[in-house]
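> Work out the full structure: start from the sequences and follow the hints.
Each chain, written out:
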Amino acid sequence: MWDYTPKEMIERKSLVINPAKTCQPIGAMYAALGIHKCLPHSHGSQGCCSYHRMHLTRHFRDPIMASTSSFTEGASVFGGASNLKSAIKNIFTVYDPDVIAIHTTCLSETIGDDIPTIISQCEIPEGKYVIHANTPSYVGSHITGFSNMVTSMVKYFSKKLGYDNGNVNIIPGFVNPSDMRELKRIMDLMGVKCIMFPDTSGNLDSPLTGKYEMFPKGGTQIPDLIDTGNSMATIALGKFASEAASIELERKCKVPAYTLKMPLGLKATDEFIMLLSKLTGNTIPYELEEERGQLVDIMVDCNHHYHGKTVAIFGDPDIVIALTEFVLSLGMIPKYVLTGTPGEAFESQIKEMLFEAEVDGKVKSYGDLFTLQQWIKNEKVDLIIGNSYGKYLSRAEDIPLVRIGFPILDRPVQTYLPIVGYKGAMRVIEMITNALLDRKDRDDLDQDFELVL
Amino acid sequence: MRQRVEKILEKYPAAVYRNRKQHILVKTPETEDLTIQANTRTVPGIITNRGCCYAGCKGVVLGPLRDVVHIVHGPIGCSYYTWGVRRHKGVIKEGEQNLLSYCFSTDMQEGDIVFGGVNKLRQAVKEAYEIFKPEAITICATCPIGLIGDDIDAVAKEAQKLYNIPVLAFHCEGYKGVSQSAGHHIANNGLMKNVIGTAEREASKYSINILGEYNIGGDAWEVERVLYKIGYEIVSMMTGNGTFKDLKSAHKANLNLVQCHRSINYIADMLKKKYGTDWLKINFIGVQSTVKSLRDMAKYFGDEELIKRTEEVIEEELSYVLPILEEYKKKLKGKTAMLFVGGSRAHHYQNLFKDIGMETVLAGYEFAHRDDYEGREVLPFIKEDADSKNIEELQVEPDPKHYRLFLSKEKFEELKNEIPINYYAGMIKEMKDGSIIVDDLNHYETEEFIKLLKPDIFCSGIKDKYIAHKMGVFSKQLHSYDYGGPYAGFRGAINFAKDVANGILAPAWKLVTPPWKNEPILEGQYTWLFEEEDK
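Going down the list, the protein sequences come from chains A and B.
All residue numbers for the first sequence refer to our numbering, where the first residue is 1 and numbers rise by one.
All residue numbers for the second sequence refer to our numbering, where the first residue is 454 and numbers rise by one.
Since the hints were made in silico from the structure, they are not lab data.
C-beta atoms are modelled at their ideal positions from N, C-alpha and C, and glycine is treated no differently.
Any given hint might turn out to be false.
Straight-line distance between alpha carbons at most 20 angstroms, and here's what the computed DMTMM-like set of lysine to aspartate or glutamate pairs gives [stated by the list, open to error]:
1. B:Lys904 - A:Glu213
2. B:Lys464 - A:Asp96
3. A:Lys37 - B:Glu900
4. A:Lys85 - A:Glu126
5. B:Lys586 - A:Asp270
6. A:Lys211 - B:Glu563
7. B:Lys546 - A:Asp360
8. A:Lys13 - B:Glu583
9. A:Lys13 - B:Glu463
10. B:Lys579 - A:Asp96
11. A:Lys89 - B:Glu583
12. A:Lys380 - A:Asp360
13. A:Lys193 - A:Asp164
14. A:Lys211 - B:Glu583
15. B:Lys586 - A:Glu290
16. A:Lys211 - B:Glu900
17. B:Lys464 - A:Asp164
18. A:Lys7 - B:Glu583
19. B:Lys460 - A:Asp96
20. B:Lys579 - A:Glu11
21. A:Lys391 - B:Asp935
22. A:Lys377 - B:Glu583
Just a few of them, taken from the derived set where beta-carbon distance is under 8 angstroms, the chain A residues facing chain B [unchecked claim]:
23. Met65
24. Ser69
25. Asn83
26. Lys254
27. Pro256
Structure follows, in structure tokens:
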């Protein structure tokens, strides 16, 4: 497996091998699933919708519902307007969602279907909405698609009505429902009223009750989406997945926008909590201080397990940026940092962190796992952090893997447990430490094998 | 039952109602000539499980060939989603490569869409060749490629000359046809045109090809084990754990076995026309079907020694398998299944369920054609529509050098009444009266039919799996086997029985309802008692 990757670095101009990203529509589909009673709709041929549902289902192990315009050759030649119109009619009649969130595919983008015009020609039932985002697969990555759909939520829903609702808007980024729950818990502890969008908690971690609900209880409510225009501020967590929507909201409704790192790790969580406190004037409760203190306690207690260990990190930019900062604060050495999503901001931000920490590491945006493997072949690391595709790398180069990010297709329960906030940071330390210790236990000679570590 | 089905359909808008009605059948003794509508367009907006042409071509047929670099020409997604998710296992043999774990894409960017992606593709093929030196390279086109008109054939032709390895282009843009079925056909055409018959190697008398076996969960290896034990030679496996190298000599085998009829019957047909090789519809899913398939094969070759050996192996295998299955049968007897999967599996797995005492109450295919349901006798009556006309129908002629008939005319006439040579009877004939057949079962119908039929197991793919679970019904993927398997052949049946029993009998199903919803609350009881006393 991955045995044919040569050590010699070969310049590749065209061929992507073992990608570290996927296409826009899946991100848009995921974001749309964070609106209450929303059915994502894929405007293109069937395969896209099928693949995206498959992939999201495998990661979340929960039903992922989405419809498609089912293009055949005719629609591809003459345009997909009639397919979309009949789709919208059928969807409202058969599934009765409150919102249809359309995203495009590389097919409908290439033929240039004008979605807003098509929507305007449709009869939309009273009190129902049809929104859309352009998500051409040949631009950016799934993170771009997520960002585009969240921005569309602002474009379609947010309204400035001239009063202050006392809320803080939170855009959580492309994270698991568990992370969204954890962010809401932190804000609750802070006494901050918030509107989180999108919010997939309750939708993609729904309970098994014996009764299937096509639209579970979770998701951002439409009145709240409209009300985002009257909040005191918007905090975008992650530049790549969340910032664009916050800027759009500032432009449209004059809601001040703040972009933070994803609150993964101690420092990033500190910044998040401090901003919440600054914006609302609320004091930081002892519960959070206690959690933070516990985290620092763990970081001191476990330091010797990971300090000085080298690590390769890959995945989505917002997660990777935060993770890099976190492992640096653990005393680890992020030797290779890579994302598949294009973006110079990624490289400059990571380079700055590495420079400050005096770490000599390689950084690449718009990279693939073939490159990462070649780097590792030339100089090994102690640990890999990334999504499930890292398991091939892990096996080929015999390096333990900690699974963080999207998608995780081969380990259960992770979408129920957060990685953000102080609690999430504890979990990340647990995963990193245990991976290294499991490895040590496996490799130790009998005489070095010890009960207490 | 038909009335209940009607009731389910009532919710649809008129046009959808008219359409879906024709895709749903209830089998009754009165309805002898059942006709089902299949292989027609999906209704836009109706949540379907179907995939696209590219999924059928690269994802199903070409993907499992392990000594090939499969370059997907298009934006990144399509290549990404066929990477490692279909479980067509492969094992390396000496001197061969196993490139299955790699994923290759030209990752088209906006500029490439505007100015054309030919240069990018040309460069990508060069890089793939220089890094991997594979046996062959395939290029699969995705949706935008067809629209912008990149000449992938020219790139392939040029690269083939430059690098002196086969480089094949497949025009399998996702929008072609109405489902993944179109892609199967396109892949079959490509392999037939460019691969099969390009090398010569002598094959023994009992030589076969296995068509439509994709080695999900290692199925092909269990089938191989049994066939080798009897004494067959497998010239090529199409395409699970298959190689480009073996495919080249596929025309030298004496018989073709067809497992998945839908995805590969085109090759079977063309091999018959071009080389005279007969094909036999076999089914290695289920113990009794495997026994029947082995006996049919022995009959075809007609050799006493082979027939004797077949019976010996059958006896040996059965004596091991049947007692174990008997134990599972005790647990599962009388339970019912709903099957919605693939273009042959919804049929094949019914036999395996029978082996463990279970009955199928509803079955259907995602992308089958009428012949998969009704048998190949309906082929002349299938109306061609615009969508199927867009897929090339290869015209093959008998090969002057290699055409040969294994059976004499008399022998063929005699055998064709006994075993399914060059014939598939379809799924419906084997189903019980009262059972329901649904083509392109969609989400709404899935939910409604589960409520109506209350099966003990619902077998489908990952997209449906958790829907059934939320309804309290165990669901098993028959696309990827939930990462279990093999389920084929004799030993596979044991794996299947075990996984089905474990799933249906999971203690968690009894824990779905919280105790406080069933047990009366203590205070409530006391109040009632007091009230009684008061009286």
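> If any of the earlier hints don't hold here, list their numbers in rising order.
Violated hints: 5, 6, 7, 9, 10, 11, 14, 15, 17, 26, 27; rest satisfied.
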